[in-house]
Amino acid sequence: MGEAQLEDMDEKDGVCRSLLRNIMLLTGDMEHLDSHLQDWPVALQLVVWGLRGVTRVILANNPLSGALILSALYWTSPWQCLLGTLGVLTSTLTAALIGLDSAEISGGLHGFNGMLVSLLMGVFSSAGDWYWWLLLPACLASATCVFVNSGLSTVLAQWNLPASVFPFNIVIILYLLCTGHQHPYFPHHYVPPAWMLELNATAVEGVQVMLGIPLGVGQIFACDALGPSLIILAAVLLYSPLLAAHALLGSAMGTLAGLSLAVRPHFLYSGLSGFNGSLGCMAVGGLFFTFSWRTHLLAVATAFLSAYMDIALSNLLGKVGLPACSWASTLTSTLMLLLGGSLSTYRIPTDEVRAPEVNLHCQAQWRGGKASRRGSSHV
Amino acid sequence: MGEAQLEDMDEKDGVCRSLLRNIMLLTGDMEHLDSHLQDWPVALQLVVWGLRGVTRVILANNPLSGALILSALYWTSPWQCLLGTLGVLTSTLTAALIGLDSAEISGGLHGFNGMLVSLLMGVFSSAGDWYWWLLLPACLASATCVFVNSGLSTVLAQWNLPASVFPFNIVIILYLLCTGHQHPYFPHHYVPPAWMLELNATAVEGVQVMLGIPLGVGQIFACDALGPSLIILAAVLLYSPLLAAHALLGSAMGTLAGLSLAVRPHFLYSGLSGFNGSLGCMAVGGLFFTFSWRTHLLAVATAFLSAYMDIALSNLLGKVGLPACSWASTLTSTLMLLLGGSLSTYRIPTDEVRAPEVNLHCQAQWRGGKASRRGSSHV
Amino acid sequence: MGEAQLEDMDEKDGVCRSLLRNIMLLTGDMEHLDSHLQDWPVALQLVVWGLRGVTRVILANNPLSGALILSALYWTSPWQCLLGTLGVLTSTLTAALIGLDSAEISGGLHGFNGMLVSLLMGVFSSAGDWYWWLLLPACLASATCVFVNSGLSTVLAQWNLPASVFPFNIVIILYLLCTGHQHPYFPHHYVPPAWMLELNATAVEGVQVMLGIPLGVGQIFACDALGPSLIILAAVLLYSPLLAAHALLGSAMGTLAGLSLAVRPHFLYSGLSGFNGSLGCMAVGGLFFTFSWRTHLLAVATAFLSAYMDIALSNLLGKVGLPACSWASTLTSTLMLLLGGSLSTYRIPTDEVRAPEVNLHCQAQWRGGKASRRGSSHV
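Chains as they are written, first to last, in the numbering used here: chain A, 11 to 389; chain B, 11 to 389; chain C, 11 to 389.
Incorrect hints may appear among the rest.
Each pair may be met inside one copy or between any two copies, as identical chains are not told apart.
What the hints assert, rightly or not - Here are the computed lysine to any residue pairs in the SDA-like style, where the Cα-Cα straight-line distance is at most 20 Å:
| # | residue 1 | residue 2 |
| --- | --- | --- |
| 1 | K329 | A137 |
| 2 | K329 | W303 |
| 3 | K22 | V57 |
| 4 | K329 | D139 |
| 5 | K329 | S352 |
| 6 | K22 | L247 |
| 7 | K329 | V201 |
| 8 | K329 | P197 |
| 9 | K329 | V165 |
| 10 | K329 | G350 |
| 11 | K329 | H193 |
| 12 | K329 | H46 |
| 13 | K22 | L171 |
Keep in mind the hints are simulated off the structure, nothing from the lab.
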């Protein structure tokens with residue numbers, strides 16, 4: 011090869027590398043954004059905080075993923091997307107108003123519960139889209155989430171546990187209990203249990219069950235259409251490929267669990283049987299534990315346990331017409347974070363949790379550091 | 011003016027002042043009583059401890075208020091008053107018997123849960139007044155409250171939280187579950203949920219709703235007549251005007267919350283929709299937080315949240331025929347005590363809680379002290 | 011007496027003594043076994059760990075008692091005995107697999123919850139004996155118990171509380187909720203509440219009620235035949251006579267509580283009304299508290315409270331067709347362990363709990379030590 015060719019390749023290589031570096035900058039936690047953010051106007055900062063909050067629902071933390079998810083929600087239903095946006099903004103502003111920790115607010119930690127509550131209030135409402143009165147309880151419920159989140163965090167900090175989506179689960183159940191199915195102002199749908207004796211049971215169709223697996227990822231945002239679900243999956247992929255793989259894996263395990271207990275076919279087809287498994291699998295596989303073969307197996311176990319617990323809870327709550335939301339995955343992953351024994355050595359302290367790939371890298375560096383220190387102590 | 015007149019005025023002023031001082035001695039926590047109390051016979055001491063216990067229900071701590079409240083209860087129903095008195099004495103004696111902290115016993119901290127349980131057992135009983143067999147479970151339940159209170163306090167002490175009326179709420183639910191509506195020995199009334207689809211709904215009457223606001227204060231003692239409710243309000247006023255204002259304010263907020271969700275008219279008229287708001291508002295506004303504009307707004311938010319949560323819980327528990335008691339206000343005010351961020355700086359440690367006015371005074375002194383110390387450090 | 015006779019007596023005495031010493035070695039915690047155990051093959055070690063696990067259910071810790079209990083269960087139903095054995099082995103192996111503390115594993119602390127879950131799954135199943143598919147969920151549920159136990163222990167360690175049978179109670183309720191009465195794969199019996207309005211109520215028969223008292227001890231292992239129940243009682247007696255006395259006493263108190271609230275006759279006859287009282291009485295009387303008159307009275311109170319709470323919970327859970335299991339006794343004895351005041355000085359730290367007789371001996375020694383030290387300090 012001549013020198014010109016070599017230079018040309020070097021140049022191409024350089025362009026590729028810088029392109030790759032720029033793409034890399036858009037993935038993961040995008041912490042570099044925070045340093046630029048201080049000079050931006052407050053309204054724009056709030057948008058970034060909100061977008062981070064949107065991704066916190068699927069355990070990610072990346073504004074671009076947040077924008078992708080919002081577009082997926084807009085595709086599903088503009089009205090629900092509006093409610094979700096209102097929720098994330100209301101709860102982030104409430105947190106700022108009552109003087110909570112500003113680092114938590116800018117990380118979107120006070121937004122995601124409010125977003126989920128507002129979104130789900132729209133999904134469960136039987137008053138139809140654009141029923142403007144719903145904005146009032148949506149704002150109130152989102153603000154309530156901030157209080158519940160702060161109080162619960164104080165309690166759980168004793169065991170270094172995150173409050174996670176407990177506030178959402180508590181507030182949405184309280185809202186649904188307040189109103190009831192035939193309420194004159196805020197009526198909502200009746201939610202049947204996961205398992206029901208069907209008189210004319212039909213055979214379960216394989217293809218539809220397979221389609222339920224990606225839908226399980228979408229169901230985390232109560233979205234049951236394939237297109238938006240794939241966009242949401244892409245948003246997770248942008249944040250972390252490892253997390254996206256666990257999301258799909260968990261949803262598949264959840265569907266298997268549903269099949270093994272003969273739940274209603276609609277429960278399988280709509281992804282409802284998969285989304286708790288998906289959330290549980292994501293939390294344990296890579297996010298709160300350093301990725302390894304042992305924690306990978308633990309993630310699979312968490313997915314199964316979440317899915318079975320979800321069936322149990324939706325059978326219980328279905329008796330009073332309530333949904334099980336994501337109680338199962340939240341309880342299960344909290345349980346796994348509490349595990350003692352040798353598995354707890356893989357646990358990453360709640361404050362230091364980053365994207366799975368970064369966690370893995372930090373762990374390797376830290377081990378390397380320990381090893382070199384050991385080496386030097388031998389000398 | 012002649013000297014005689016001046017002297018006369020001075021004398022009058024002096025009389026007024028000493029009168030005022032004497033009146034002031036009857037308000038607030040009446041801690042000066044404790045020093046005299048040691049020389050009194052034990053039976054009289056027990057009476058004072060019991061009276062303090064009676065007022066702890068409405069977050070006050072004043073023997074005279076306790077006597078006022080007992081007279082109000084006697085006016086409502088002598089039988090229920092007897093049950094309440096028996097309850098407060100039984101639980102105070104049980105606490106002394108199992109060797110709990112004597113300062114807590116003399117402060118009435120072990121009496122109020124037992125009193126509420128006995129009182130409510132009389133209210134819910136459908137066997138009619140003067141059904142003497144009821145004294146047996148009333149004594150047992152009051153004694154149980156002491157155990158639950160002591161155990162729960164150990165758990166909650168981890169976060170510097172009071173056990174509050176959790177023991178009462180737990181024990182009364184267990185008692186009602188034990189017996190059931192058509193029980194041969196201890197039958198009780200069926201409690202309908204807060205919200206019900208009424209076939210021939212009538213318009214809500216404004217005057218009766220307004221009357222429900224003072225009744226909401228009385229409902230803390232399960233009293234739904236106006237006269238006794240006003241006496242109970244006067245008992246709170248005697249202890250602390252700030253607390254009385256918050257009691258009425260909270261009840262009004264609770265009624266508003268009830269109106270906004272179209273609860274049964276009887277729920278509004280009887281004060282049932284107000285009493286949880288009242289309790290929540292009292293706890294946050296002045297008692298556990300130093301009074302200021304920020305905590306005042308927090309108290310209003312607590313009142314709303316308590317009232318909505320009460321509607322939710324009474325809808326849930328109503329499905330199995332159980333009352334929601336004061337679960338909502340107890341949970342909500344516990345949540346507010348756990349809040350992090352800048353609001354937690356207003357929090358008064360549980361041991362140092364006095365009457366709101368004293369709290370305010372202590373806080374001012376303490377700040378003054380800090381300021382002067384700062385000043386001296388500059389010199 | 012001649013010298014020959016004296017020598018003969020000495021010899022006889024010696025034989026008696028060594029026999030007694032050998033018998034004594036078979037009672038209590040049998041800690042001397044652990045030193046021999048290290049040289050045994052792993053499979054045999056696992057058997058001992060499993061047998062210890064079997065006895066942990068009735069708060070004992072003795073491999074011989076475990077063998078006795080297993081034989082009693084085999085007498086009742088070989089199929090249920092197989093399920094129980096599978097459960098204790100699965101959960102012990104799971105604990106070893108996920109790397110939990112080996113001292114806890116060899117003490118059987120990870121086996122008893124799994125055993126109870128598997129056993130009860132067989133009892134509640136309405137698919138008949140030798141329904142082999144049941145082994146699958148039984149193994150899964152036993153393994154789940156290990157996770158729940160480890161997580162719960164981390165939380166409860168904050169107050170030096172044992173996880174006790176909470177994991178069993180949680181997992182069995184979740185399993186029963188997952189499947190439901192008419193489930194195509196895993197159907198189970200409908201469990202009626204403790205109290206029901208019976209249309210043609212018959213008088214309660216005294217003899218059958220008396221027989222319910224020893225059956226209450228058997229019901230801890232869901233066994234309602236007299237013969238096996240007596241063997242189980244003998245197993246407790248082998249471990250500790252004091253514990254066996256409290257087991258019978260607690261069961262009697264529970265039966266009394268059931269009579270006082272007019273529960274279904276079958277609830278009394280089958281020992282169901284006694285077993286929670288029995289468990290509560292055993293835990294407090296001698297095991298977690300040093301035996302004395304005060305703690306004995308506390309044990310009686312715990313038995314009553316457990317029994318009443320069991321009636322309440324089985325009325326509540328019976329409304330959705332679920333059993334109350336041993337929630338009542340677990341909650342009540344946990345409450346008693348949390349008690350403050352002078353009773354807490356009798357509390358034995360969870361790690362140092364041995365057989366009641368050993369506890370008593372240690373306490374006496376420790377007091378003696380303290381007294382002699384005091385004496386020496388005087389000199």
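Hints that the structure is at odds with (numbers, increasing): 1, 2, 3, 4, 5, 6, 9, 10, 12 and 13
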